[in-house]
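There are 4 protein chains.
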Amino acid sequence: MSTLKPATPFTGRESYFPGIGPIAYEGSRSRNPLAFKVYNPEALVAGKTMRDHLRFAVAYWHSFTGSAGNDPFGPTTLDYPWNRATDALSRATRRADAAFEFMSKLGVPFYCFHDVDVCDEGDSLATYEGRLKEMTRVLAERQEATGIQLLWNTANLFSNPRYMHGAATNPDFSVVARAAAQVKACLEANVALGGHNYVFWGGREGYSTLLNSNTRLEQENLAAFLRAARDYGRSIGFTGTFLIEPKPMEPTKHQYDFDAATVIGFLHRQGLAGDFKLNIEANHATLASHSFAHELQTAADASMLGSIDANRGDPQNGWDTDQFPTDIPDLVQAVLVILGNGGFTTGGVNFDAKLRRGSVDLEDLFHAHIGGMDAFARALQVADALRQEGTLEEFRRERYASFDEGQGAAFRRGELSLEALRDIASAGEPRRPGSGRQEYLENLINQALLTTPLA
Amino acid sequence: MSTLKPATPFTGRESYFPGIGPIAYEGSRSRNPLAFKVYNPEALVAGKTMRDHLRFAVAYWHSFTGSAGNDPFGPTTLDYPWNRATDALSRATRRADAAFEFMSKLGVPFYCFHDVDVCDEGDSLATYEGRLKEMTRVLAERQEATGIQLLWNTANLFSNPRYMHGAATNPDFSVVARAAAQVKACLEANVALGGHNYVFWGGREGYSTLLNSNTRLEQENLAAFLRAARDYGRSIGFTGTFLIEPKPMEPTKHQYDFDAATVIGFLHRQGLAGDFKLNIEANHATLASHSFAHELQTAADASMLGSIDANRGDPQNGWDTDQFPTDIPDLVQAVLVILGNGGFTTGGVNFDAKLRRGSVDLEDLFHAHIGGMDAFARALQVADALRQEGTLEEFRRERYASFDEGQGAAFRRGELSLEALRDIASAGEPRRPGSGRQEYLENLINQALLTTPLA
Amino acid sequence: MSTLKPATPFTGRESYFPGIGPIAYEGSRSRNPLAFKVYNPEALVAGKTMRDHLRFAVAYWHSFTGSAGNDPFGPTTLDYPWNRATDALSRATRRADAAFEFMSKLGVPFYCFHDVDVCDEGDSLATYEGRLKEMTRVLAERQEATGIQLLWNTANLFSNPRYMHGAATNPDFSVVARAAAQVKACLEANVALGGHNYVFWGGREGYSTLLNSNTRLEQENLAAFLRAARDYGRSIGFTGTFLIEPKPMEPTKHQYDFDAATVIGFLHRQGLAGDFKLNIEANHATLASHSFAHELQTAADASMLGSIDANRGDPQNGWDTDQFPTDIPDLVQAVLVILGNGGFTTGGVNFDAKLRRGSVDLEDLFHAHIGGMDAFARALQVADALRQEGTLEEFRRERYASFDEGQGAAFRRGELSLEALRDIASAGEPRRPGSGRQEYLENLINQALLTTPLA
Amino acid sequence: MSTLKPATPFTGRESYFPGIGPIAYEGSRSRNPLAFKVYNPEALVAGKTMRDHLRFAVAYWHSFTGSAGNDPFGPTTLDYPWNRATDALSRATRRADAAFEFMSKLGVPFYCFHDVDVCDEGDSLATYEGRLKEMTRVLAERQEATGIQLLWNTANLFSNPRYMHGAATNPDFSVVARAAAQVKACLEANVALGGHNYVFWGGREGYSTLLNSNTRLEQENLAAFLRAARDYGRSIGFTGTFLIEPKPMEPTKHQYDFDAATVIGFLHRQGLAGDFKLNIEANHATLASHSFAHELQTAADASMLGSIDANRGDPQNGWDTDQFPTDIPDLVQAVLVILGNGGFTTGGVNFDAKLRRGSVDLEDLFHAHIGGMDAFARALQVADALRQEGTLEEFRRERYASFDEGQGAAFRRGELSLEALRDIASAGEPRRPGSGRQEYLENLINQALLTTPLA
Ligand SMILES: [Co+2]
Ligand SMILES: [Co+2]
Ligand SMILES: [Co+2]
Ligand SMILES: [Co+2]
Ligand SMILES: [Co+2]
Ligand SMILES: [Co+2]
Ligand SMILES: [Co+2]
Ligand SMILES: [Co+2]
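Chains as they are written, first to last, in the numbering used here: chain A, 10 to 464; chain B, 10 to 464; chain C, 10 to 464; chain D, 10 to 464.
It should be emphasised that the hints constitute simulated quantities derived from the structure, not laboratory data.
Note that beta-carbon positions come from the ideal geometry of N, C-alpha and C, so glycine has one too.
Please note that the accuracy of each hint is not assured.
[What the hints assert, rightly or not] Selected chain D positions facing chain B (Cβ under 8 Å, derived; list incomplete):
hint, residue
1, L98
2, A149
3, M173
4, K262
5, P324
6, W328
7, R365
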């Protein structure tokens with residue numbers, strides 16, 4: 010992973026954010042809402058810049074396609090000027106202009122997209138392929154102009170009604186083939202744009218009712234589909250990481266990629282573990298009854314922590330609310346796992362997050378991203394300080410020390426039978442368990458949150 | 010699996026249910042609350058008796074140890090006469106008398122227990138081993154007298170404070186060894202009693218906070234522990250099935266055996282898939298955001314559906330309320346999966362269920378079990394009728410027919426590359442998806458519930 | 010409440026359901042999916058026809074506006090022929106034709122609508138008022154032709170982006186006034202169509218974040234708004250019931266009308282209790298962590314049970330999935346409360362339910378409603394049988410008998426001071442509590458479900 | 010409310026925390042885990058000391074009765090030396106010594122207790138009354154010695170099996186009378202100890218199943234009970250505040266005091282609004298699907314915010330986990346509401362929180378309380394800074410400005426009919442709604458969290 014460079018500011022044929030210049034780091038006391046208070050891309054943390062640690066990406070779909078603001082009880086409330094053109098490719102090009110203007114002003118090194126975010130798919134496969142190819146050229150130009158890179162792209166295999174019963178897991182083979190055609194085009198776009206990862210999120214891969222479903226066949230088909238995609242990707246020169254993004258439900262009532270543990274098991278059983286890692290989304294973790302850090306740790310334990318989708322849900326409901334991440338204490342727990350895993354290699358922090366429906370000004374896009382980036386930057390500072398200080402790690406090391414040598418180590422090596430273990434136990438009751446010290450450890454986190462220097 | 014026999018009525022030194030005789034099948038219109046309305050053990054369904062299909066087991070812990078009725082805000086409300094003896098072995102023997110009197114009157118062919126259900130463990134390993142051995146003798150006598158068999162036993166590795174930080178996953182090796190000693194004794198009891206299965210439920214195998222936990226080491230230790238147990242079990246002649254019972258949380262905040270998919274992945278990666286299957290508990294399924302049928306289907310798809318713990322939770326809270334199962338429509342979905350999987354082999358239906366705290370009469374134990382057994386018997390009738398009628402299966406078969414031959418079958422065999430799939434798709438948009446017909450299929454279930462003959 | 014008549018079949022300029030005739034009652038063993046198996050409108054239950062008991066209504070929005078099938082990850086999958094006309098009033102008239110053809114074939118006596126369901130609102134208040142008036146004429150004609158009556162209508166004060174921050178609770182007074190104009194027009198339509206009730210559901214009446222909200226002012230404004238609406242309705246001759254439909258969240262993160270108890274408290278404190286009752290929706294109950302029966306009982310205890318929205322949610326997620334009601338045991342609990350409250354007066358059973366996204370055939374509309382109507386009809390039979398049989402009621406009466414006379418009755422009359430109560434208690438510990446017999450009572454319900462005659 | 014004084018250190022016959030001295034404020038960079046990093050009782054915030062703002066109280070039950078550490082799957086893990094005495098009153102006295110030693114070392118001005126926390130109740134009413142009277146004398150002595158005051162006490166009407174079917178809502182009048190005797194004794198203890206508030210929490214006031222319940226009668230009885238208690242309390246000189254603590258469920262499946270809105274409605278309808286306010290518990294709020302701040306705001310809007318029980322739940326499960334509060338951003342939202350309501354009068358911040366089961370050392374009691382007190386102190390600093398800075402308040406004021414005068418104000422005064430409102434609306438569509446600016450406002454909170462000076 011080479012060191013990332015600042016983005017070069019970009020404006021297309023017209024400026025969509027004319028009053029707003031590049032967002033600068035102004036320090037925590039700045040009263041300028043359009044400045045970073047913590048995120049200083051050049052600042053060094055543990056020998057690496059914040060930019061290189063966090064590898065921020067903007068998500069094309071939530072911020073530029075203009076569907077944000079809709080919900081089951083009302084249409085979009087956003088009126089984005091770049092979406093007003095009537096011709097599909099003009100609209101798509103203006104959207105790309107807006108996106109790269111925004112991203113270069115925000116100063117992120119990466120972006121992510123679904124195929125249909127960058128251009129409407131049209132009414133035939135040929136049209137779809139042609140438009141995607143054309144937009145790949147447009148995006149490549151803007152990548153070149155700005156230095157912004159493609160963290161990952163993916164095929165939207167869930168919005169078109171043809172996928173109502175699934176894509177790779179559709180009961181009709183012709184829909185599976187159609188989905189494959191889309192993935193093929195997306196892999197080609199990825200290679201052309203130098204993508205670092207390629208993502209699968211199975212929004213319709215699951216079932217609505219067992220009464221009409223063959224879940225075994227569907228999951229076997231999913232594996233066959235992924236193998237074909239992997240083979241094709243590798244054949245055309247994709248050297249990045251394939252990622253699966255788990256989510257327990259929504260839109261499908263039950264999705265096969267429920268959580269990290271489920272996907273890890275699936276990948277191993279299906280011979281996909283060598284090429285695939287996980288893209289962990291915070292709100293998907295909470296929807297699966299896990300914490301964000303839990304899902305990250307599960308992936309890390311399996312050596313499969315690839316990338317993350319940053320956002321937060323509302324603990325008071327069961328929807329994927331995709332709010333921007335602002336809960337710094339929660340992010341500290343997440344970043345502790347990420348740093349403990351050695352940081353990102355091909356992955357990064359993608360803001361799969363959207364404005365609240367009532368946040369209808371273009372300026373709100375900046376507030377939202379600035380807030381999320383500052384929150385992660387602060388979490389990075391605090392997590393690094395905790396690691397430098399070392400008490401957490403030392404506590405953990407001592408707690409498990411009995412497995413480092415002697416009988417504990419022999420047990421771990423599989424050398425002790427149940428009889429041998431019983432004989433060890435017969436020597437006497439284990440000593441009274443020590444305190445797990447959860448409250449003390451939580452206090453350490455809070456103290457680090459309060460006292461870690463801001464810059 | 011041989012055909013099961015009716016239990017022979019049993020009374021110990023004193024009768025604990027003197028006013029209640031063997032529970033008979035009296036048909037659906039009987040006004041006798043202490044009679045089966047549907048469960049007729051000798052009735053044939055699909056060529057097998059109800060007794061052989063359902064293989065009911067009573068859970069020793071909820072019904073006889075006397076702790077039922079306690080909750081976080083109050084102690085037990087039950088005052089069971091067999092628990093009044095002050096000497097541990099006398100109390101244990103009376104409890105066994107009560108259990109076998111109850112079970113033989115209820116007419117179940119099986120029971121299940123934790124080691125510490127049958128006798129208090131005492132204050133040393135030697136005492137524990139001695140008592141368990143003595144009670145194994147007592148139980149064997151009563152099995153012999155009644156014909157009731159051991160569906161499974163298990164070691165309670167969660168109640169004793171020594172396990173507060175885990176058993177097989179404890180940070181202290183000496184606790185792991187102590188847990189192993191308990192499992193060793195339980196496996197020996199199992200073999201002595203002719204147990205059909207042996208269960209692991211990891212009530213403290215998980216973590217309270219990541220801050221003090223090494224989750225990777227803990228899960229590796231869990232695997233080492235299970236391998237040692239398996240090897241020892243096989244070495245002393247255990248030929249039954251090892252079972253893991255998944256549960257997402259409670260008592261541990263996060264338990265490693267979250268759900269079926271998690272456990273299946275773990276077993277495969279750890280080389281345990283050949284000896285282990287799953288014991289699926291209804292309420293654990295719902296706590297993991299799944300339906301009972303979902304968890305059963307997940308296990309069946311992996312050829313790992315072993316046995317079930319029958320109960321129900323309250324959808325309005327997140328606790329393992331362990332109510333007796335009475336929701337017949339829900340059980341129909343479950344039994345459809347079980348019959349579709351060929352029925353039970355070594356497994357059965359264990360009532361891991363307890364009386365409500367206010368149900369304080371001994372008679373309530375009968376009401377509760379009768380209700381649960383009738384509910385399962387009815388679900389069996391209805392599920393069998395649906396299978397005989399065949400519409401569901403036929404609908405499903407047709408829905409996936411495109412994978413039976415030609416290109417669909419080639420795809421399933423892994424013979425189609427992404428390019429080949431794309432070329433197939435280029436022939437034209439897939440035909441408009443047919444209706445999934447969920448409402449129609451649900452109506453079929455309700456019609457079967459209304460019209461399947463009761464006897 | 011007079012006795013309802015069968016609907017007269019109706020077809021508009023063209024038939025939208027040409028292959029389907031009036032749905033007949035054919036008994037539980039009919040193999041015709043397009044027939045009622047239980048719902049026999051003329052059958053007598055407790056001296057009243059099923060039609061008069063259940064007072065079924067079809068919801069215009071889910072079944073005819075054509076938005077059904079959309080979700081946050083994809084557009085509508087339904088392609089309803091009546092929605093293809095390009096002119097708003099033509100489309101609206103065809104939709105009315107389809108609705109009345111469907112409803113008259115289904116044989117329901119009632120329907121319900123939002124203003125914008127029957128016609129797009131257009132781009133000015135005047136257009137909106139004109140179209141609603143014109144459609145009121147069209148609907149009145151079809152009511153006349155079929156005999157189908159208006160159970161209730163309501164103003165959609167949540168879809169239009171102008172309501173993104175609330176309607177009656179909007180921080181901008183001009184939006185409040187605009188909402189009032191809509192309610193005024195809807196009340197006039199109601200009176201013109203002889204509506205039995207008028208409903209308020211506050212889909213945007215709540216808050217997204219406390220940081221920008223004045224919740225006290227907003228709720229006072231809501232009360233002022235409702236008082237103005239009540240006064241106007243009464244002034245133009247509305248003699249029916251005003252209803253509030255509680256819902257805890259969605260679309261607004263927190264809605265003010267959280268549940269029945271919240272709304273009852275609000276109505277009493279705001280002087281609205283004389284004119285308003287509650288419209289209880291099953292899925293809204295479950296979203297608020299209550300059972301459907303709980304919400305009904307809460308309303309009944311306050312003499313405020315007005316009408317119901319029939320559907321069901323998915324207990325595995327937190328969304329208002331609005332599935333058709335098919336869970337007969339659950340409906341028995343609901344109907345027991347409704348019958349215990351004396352049945353409906355102005356209210357009825359409105360199917361606020363929608364097809365699953367994959368149920369894309371027009372025929373599915375029939376399957377779904379037939380299933381829901383049969384489920385309610387069966388619940389009515391069973392609940393009535395339980396009431397006739399009387400054990401539940403008798404059990405309850407005896408359980409509370411100590412309050413019928415003597416000191417218990419004096420306590421209820423407020424005649425015993427704490428000192429007097431203490432002196433009563435000093436006579437000795439209360440007798441050991443009797444069993445609550447929950448399992449036995451649940452068994453009674455299941456037995457009634459199995460044995461209540463189908464016709 | 011007079012200014013509170015520091016507690017005078019106290020040790021009973023023996024010291025239970027011999028190695029630990031009074032906890033001092035040492036500032037945020039202190040490495041001493043047994044020191045306050047933020048809570049400086051003498052520090053002034055908005056003209057009042059932190060001590061006077063926060064009015065901290067320790068909860069006797071979680072920290073001193075020794076039941077902490079138990080859960081549904083295992084007994085207590087704590088072995089508190091003061092609980093080892095075999096005689097009830099000796100044990101109770103030692104416990105009081107331990108409590109006052111701990112509280113005086115911690116430096117809290119208040120404590121709270123249930124009757125049975127301070128002494129086992131014994132087996133007759135007379136014994137109970139005698140012991141409570143004796144312990145009231147013991148506690149009064151220690152209050153006198155330390156200056157620590159009674160924030161509130163309450164009667165435990167949920168643990169004893171006699172209350173399994175309810176206390177004030179029991180179906181048996183004699184249990185209601187027994188509960189009244191307990192409340193009478195507790196009110197007398199309160200007056201003797203100069204209690205500032207008296208609390209009712211209805212842990213068994215609700216129902217397990219509607220099948221055996223008369224919910225209307227039960228809730229009327231609850232009101233009669235509360236009126237009798239209020240009248241008696243006032244008659245013996247209690248001039249403090251009566252408080253009801255809402256909780257939606259647990260232990261009772263459905264509790265009548267579900268949430269703040271439910272209780273407020275109940276108090277108003279039952280004529281209790283003049284004497285009663287609410288005690289809002291954070292974890293009870295989240296169990297009811299609300300945020301803590303939501304419940305506080307609901308109480309404040311009704312002028313019924315009395316006191317708070319500070320803790321936090323685990324968003325990943327549905328149990329009342331009662332963890333110590335450490336989530337500072339969440340507490341800032343809560344303290345903003347409390348300060349906006351003018352701060353506490355008779356109420357305070359009671360730590361209704363317990364150690365994790367694995368936190369088995371006496372020292373952990375200090376870590377836990379220090380962490381909670383520092384978290385609240387920090388939230389107080391940040392919330393005050395936000396209020397001084399004024400942007401939030403100004404934003405809110407402007408947002409609702411249209412109701413301050415003219416037609417908006419007339420509407421609020423109830424002077425505009427629906428027709429008048431409609432005529433206002435006919436002037437033209439409301440201006441496009443402004444942004445709600447949620448992300449910007451959330452960023453302000455995070456900035457204040459980072460930049461508010463620590464001292
Ligand atoms: Co995502
Ligand atoms: Co998401
Ligand atoms: Co179980
Ligand atoms: Co369980
Ligand atoms: Co509704
Ligand atoms: Co709804
Ligand atoms: Co509390
Ligand atoms: Co609590």
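Outcome of the hint check:
1. Checking L98/D against chain B: minimum C-beta separation of about 21 Å lies over 8 Å; hint violated.
2. At a threshold of 8 Å, the smallest CB-CB gap from A149/D to chain B is about 28 Å, leaving the interface hint violated.
3. At its closest, the beta carbon of M173/D sits 5 Å from a beta carbon of chain B; the interface hint therefore holds under the 8 Å criterion.
4. A distance limit of 8 Å between C-beta atoms decides the matter here; for K262/D the minimum to chain B is near 6 Å, and the interface restraint holds.
5. Taking 8 Å as the C-beta contact cut-off toward chain B, the hint placing P324/D at the interface is violated, the least distance being around 11 Å.
6. Interface restraint check for W328/D: the shortest CB-CB distance to chain B comes to about 6 Å, inside 8 Å, so the restraint holds.
7. Taking 8 Å as the C-beta contact cut-off toward chain B, the hint placing R365/D at the interface holds, the least distance being around 6 Å.
Of the numbered hints stated above, those contradicted by the structure are hints 1, 2 and 5, listed in ascending order.
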